[in-house]
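Participant: So you can see what is in the structure, the chains are spelled out below.
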Amino acid sequence: MVMVIMAIQLTGINRVVYAVLILNKAGGLIYQRDFNPGLQKLSSNDYLILAGTFHGQVSLASAARAQVHAITSQISPTNETTSSGLEVLESENFVMRCFQTLTGTKFLVFAEPRQPNLDVVVRRVYELYADYVMKNPFYQIEMPIRSEGFDRHLAAYIKPHQ
Amino acid sequence: MNRETSPFRTPSTGASPTPKHASLTASTNLRYSLTRKSIYDRHLNRTKTSELSKSAFAFLFGEMVQHAQKKVYGVQDLEKKLNQHGYAVGQRFLELLLWRDGRTAKRETRILGILQFISHSLYRAIFQKAADTLEKVRENEDEYMISDNDPLVNAYVSVPKEMSQLNCGAFIAGIIEAVLDGHCFPAKVTAHTAPSELWPGRTVFLIKFEPDVLEREALRVGG
Numbered sequence: 001m002v003m004v005i006m007a008i009q010l011t012g013i014n015r016v017v018y019a020v021l022i023l024n025k026a027g028g029l030i031y032q033r034d035f036n037p038g039l040q041k042l043s044s045n046d047y048l049i050l051a052g053t054f055h056g057q058v059s060l061a062s063a064a065r066a067q068v069h070a071i072t073s074q075i076s077p078t079n080e081t082t083s084s085g086l087e088v089l090e091s092e093n094f095v096m097r098c099f100q101t102l103t104g105t106k107f108l109v110f111a112e113p114r115q116p117n118l119d120v121v122v123r124r125v126y127e128l129y130a131d132y133v134m135k136n137p138f139y140q141i142e143m144p145i146r147s148e149g150f151d152r153h154l155a156a157y158i159k160p161h162q
Numbered sequence: 001m002n003r004e005t006s007p008f009r010t011p012s013t014g015a016s017p018t019p020k021h022a023s024l025t026a027s028t029n030l031r032y033s034l035t036r037k038s039i040y041d042r043h044l045n046r047t048k049t050s051e052l053s054k055s056a057f058a059f060l061f062g063e064m065v066q067h068a069q070k071k072v073y074g075v076q077d078l079e080k081k082l083n084q085h086g087y088a089v090g091q092r093f094l095e096l097l098l099w100r101d102g103r104t105a106k107r108e109t110r111i112l113g114i115l116q117f118i119s120h121s122l123y124r125a126i127f128q129k130a131a132d133t134l135e136k137v138r139e140n141e142d143e144y145m146i147s148d149n150d151p152l153v154n155a156y157v158s159v160p161k162e163m164s165q166l167n168c169g170a171f172i173a174g175i176i177e178a179v180l181d182g183h184c185f186p187a188k189v190t191a192h193t194a195p196s197e198l199w200p201g202r203t204v205f206l207i208k209f210e211p212d213v214l215e216r217e218a219l220r221v222g223g
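Going down the list, the sequences are from chains A and B.
Each residue of the first sequence is one higher than the last, beginning at 1 in full-length UniProt numbering.
Each residue of the second sequence is one higher than the last, beginning at 1 in full-length UniProt numbering.
Take every hint as true, because none was put in to throw you off.
Calculated cross-link-like contacts (lysine to any residue; reagent style SDA-like; alpha-carbon spacing at most 20 Å):
#1 B:Lys70 x A:Gln140
#2 B:Lys80 x A:Phe138
#3 B:Lys161 x A:Met134
#4 B:Lys161 x A:Arg152
#5 B:Lys70 x A:Phe138
#6 B:Lys161 x A:Arg146
#7 B:Lys70 x A:Pro137
#8 B:Lys161 x A:Ile141
#9 B:Lys70 x A:Met134
#10 A:Lys159 x B:Leu198
#11 B:Lys70 x A:Met143
#12 B:Lys70 x A:Ile141
#13 B:Lys106 x B:Asp181
#14 A:Lys159 x B:Pro200
#15 B:Lys54 x A:Ala130
#16 B:Lys71 x A:Phe138
#17 A:Lys159 x B:Trp199
#18 B:Lys80 x A:Pro137
#19 B:Lys208 x B:His192
#20 B:Lys54 x B:Asp150
#21 B:Lys54 x B:Lys129
#22 B:Lys161 x A:Glu148
#23 B:Lys161 x A:Met143
#24 B:Lys161 x A:Gln140
#25 A:Lys159 x B:Glu197
#26 B:Lys54 x A:Phe138
#27 B:Lys161 x A:Phe138
#28 B:Lys161 x A:Arg33
#29 B:Lys188 x B:Val204
No lab work stands behind these hints: they were computed from the structure.
No experiment lies behind these values; they were computed from the predicted model shown.
Kindly produce the complete structure, drawing on both the sequences and the hints.
Facilitator: Here's what the structure looks like:
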């Protein structure tokens, strides 16, 4: 959790969406992009650890496996099989929204605390992923995303709103 | 003679489908309709309601590219393969297009005529829009360019850096090549990426005619 907060500590002006992360089924980080130059940078290794930590916690919640997503779904007071794990994480400096697809891919969006309609943003990112990543014949499933079309359209969607 | 009472066949409706029939097949689209008619039983002249899903096409095209990639040794080889796939489509499509034009169909005999046919009629029939420009290459007498700002086949394709030479528009190039061949204008058509600021996916189809095409054209102008 400390790492998550570190990643998001701000130095710049208030902007709307700070960063987008995509995790594959196994909790590996397959996409990471900052939209605010004022963010503190993490090393790429730290990002991978962060993704793994988050995944574990989320999926404990949903599928009884081992860390943030996982833990949250296990400690859910209701029946653990119905919990979808961590969805929102709020702090003074940022809010994180997680959206997990039916196939287990997770989309994390970090944004300014009072940013409304984050679920719409996450779903739109999912849509772009479905279009420009999954329909790209050169993309290998579960592997890091290096798709120029996705980068371009994601920036076109997020940047004008800032 | 006994009338055929098979439930799988309905009596022939003649040349044009009746409105009732049309609405029936339009609602069920490509699947089998209530009358058990498949896409092959429908009239060839249905153009209005025959739109296909862009996503379905993107997945199909993606699979085609992946399949073509398995058996090739490099970008040029891959483009050739895609060109061949397009060629097969073009051959069939030209036939269909001319058939649909019926009596007004015309066999183009001039270079400019055939190029306009491709950039307007053919392009519109396939992609529902005309090609964006049709130009002549100034330096070479036998080369022409048709450009498309955002080719449908490349809509979701992001070519990796190590294959930057590749343009999957080679498939469309193959279609164009087949149409030119079908009109007796043998030519070589290649697809090249030529991005502009507004259109990052802009593609140019370079058409290089065989020498005898130009020879024939010169004779016609002279006569």
